[in-house]
Amino acid sequence: MLFKNLISLVLLSVLLCPFNTTFAADNVLNIYTWAGYLSDAVISQFETETGIHVNVATYVNNEVLYAKLKANPDSGYDIIMPSSYFISRMRKQALIQKIDHSKLAHYRNINPAFLSKEHDPDNEYSIPYLWNGTGIAYNIRYQAEKSVNTWQDFWLPRYKNQLLLIDDTRECFSMALIALGYSVNDQDPDHIKAAFEKLKALMPNVKLFNMDAQRSIYLDEDITIGMGLNGDIFLASAQNSYLRFIYPKEGFVITLDSIAIPVEAKHVANAHLFIDFVLRPEIAKKIALESGFSTPNRAAKELLPLKVRTNPILYPDAETLKKGQFQTDVGEAAPLYEKYFERLKLEE
Amino acid sequence: MNTHMNRISKVAYLLAIYLFLYMPILVLIVYSFNDSSFSLLWQGFTFRWYESLMQNTDLQIVALHSLLVGFLAATGATGIGTLAAVSLYRYQFFGKKLIHGLIFILIISPDIVTGISLLILFSTLKMSLGFWTLLLSHITFCIPFVTVTVYSRLTGQDKNLFEAAKDLGATEGTIFRRILIPLLWPAICAGWLLSFTLSMDDVIISFFVTGPEFDILPLKIFSMVRVGIKPEINALCSVMFGLTLVIVLVYQLTLGKNNDAI
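Heads up: the sequence lines are chains A and B, in that order. Note that the working numbering has the first sequence beginning at 1, numbered continuously upward. Note that the working numbering has the second sequence beginning at 1, numbered continuously upward.
In case anyone wonders, no lab produced these hints; they're calculated from the structure.
Derived lysine-lysine pairs resembling DSSO-like cross-links, with alpha carbons at most 30 Å apart:
| hint | chain 1 | residue 1 | chain 2 | residue 2 |
| --- | --- | --- | --- | --- |
| 1 | B | K126 | A | K98 |
| 2 | A | K286 | B | K230 |
| 3 | A | K92 | A | K70 |
| 4 | A | K323 | A | K249 |
| 5 | B | K230 | A | K207 |
| 6 | A | K193 | A | K160 |
| 7 | A | K92 | B | K126 |
| 8 | B | K230 | A | K307 |
| 9 | A | K70 | B | K126 |
| 10 | A | K92 | A | K323 |
| 11 | A | K266 | B | K126 |
| 12 | A | K323 | A | K200 |
Label-pair restraints from in silico Cβ distances:
| hint | chain 1 | residue 1 | chain 2 | residue 2 | range |
| --- | --- | --- | --- | --- | --- |
| 13 | B | L125 | A | P305 | 46 to 54 Å |
| 14 | B | E51 | A | V64 | 28 to 36 Å |
| 15 | B | Q157 | A | A334 | 52 to 60 Å |
| 16 | A | A334 | B | I204 | 20 to 28 Å |
| 17 | B | V113 | A | A334 | 20 to 28 Å |
| 18 | B | V11 | A | T150 | 53 to 61 Å |
| 19 | A | L115 | B | G101 | 58 to 66 Å |
| 20 | B | L64 | A | V64 | 20 to 28 Å |
| 21 | A | R108 | B | F20 | 57 to 65 Å |
| 22 | A | T50 | B | A16 | 52 to 60 Å |
| 23 | A | D190 | B | F20 | 47 to 55 Å |
Think of the CB as a built atom: it goes at the ideal place given N, C-alpha and C, for glycine as much as any other residue.
When you get a sec, could you build the whole thing from the sequences and use the hints?
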């Protein structure tokens, strides 16, 4: 008797399960993106305007996204938002397809400073969505104002056991490569080795490697100087007025997350509709405000509140922006970077 | 004097262990009332994270997805796992030892292996990833745990019971329904709860086998790490912890007694 109840319960719940319907409906768009990149409000506006049902799933880093697509290219996503260096890798491995610009009425809104970069020279495969810059964050209660200007300053003995470095291979090496005057995408083994030696010399000054908790660490003053992402520091500085952020003079990394369409996407037309939708100034403005990151959309930037759009952390002047370097896939050199990064942390 | 010291050290030891086990959860619950989005310092008491949780339909939907999959997977796995345990215990058939061994291998094999092999299986079968592939996978990895739980209770039973039942004219079906199920009920419930928990917090296997239409809570929380875990998540976890507490209490109050009686 009990067993029968059990079976009927299972059957009942399967029948009642509302997800059966999603398999029948074809007017769908499946988005795979970073958490916090798309708000409910933006999605529901798109759904009401177009009648397309949107499914959103989120990933934690580029590697996860790449693993999922590589393991099963047919996994059903129509829109993904990898960072620039993964755009170049996926392009080379034919995991993403060309985007039809004739369907994008609002494409001209994008700031040319974010177009035609090494990872996608002809802008065929990616549409810039949001960006962030890696600079130096410091707290003027503990460090003198304007006392840091360059990455090179990190090596000063006065920062002994104080720095926070971002716990990411490319970010750390980019910082050292820039300090040495090389490109952040350098594939020359000698240059990479030099960067490793440079980082090794920095280790006495390093207090912490961290990736995801920068906001609270700087806000709570657990660390008072180190690497930081502009968006994170901007948000933290709203609650701690002693926080400062600078773009180092030698240059800095711009991490650009772009929209791409996987090769096996089933709803390519809907994907284009969606891209054009998020390129609209008022939508891109909403996305920028809600995510806390900077938008590469010129028209959207003009719509932002004065305080935000003139904030030098989120929107540095054109002169500064020019010093930004975009990461591209380092190909064969990638394992070398990884090896050195591991050694660096082991020898700590 | 000596026994007195002994008792104190026993209590202290027990206290230390429970503190170690429950401290993280307590911290999580305390922070769900912290009045700050990012700061980990105490900024004052607030209910606003619970309020914003109530309005966050997105989180609610994935939480419901997780509960649904957990419920169905636990139920399915319990049914299949119980049958497997009973047949392993009661019947002789070719390859029985092998099958018994294979169940243990499934328990030890790493999640990532299970995840990838299921993904390969589903893509060979051209099944589109989503609710069904996720449910099938969860049932699959829960079955061995149910089988082991139920089997261990079976081995404690007197085999003569079944023979006595047969002597009195019971069919196999009657034995199963009237004797086995009531005898095994506590183990079946324990297996169900174990499966439900396993299903609710699985990240690795789910990552591989779920599709765009069906996001679940552990994956969602995991992916939110980059934008910083908001106290909203703390609030959600506290609610889930409360729910677990209620389930365990109900289990203890209703079945715990029966358990002693048998």
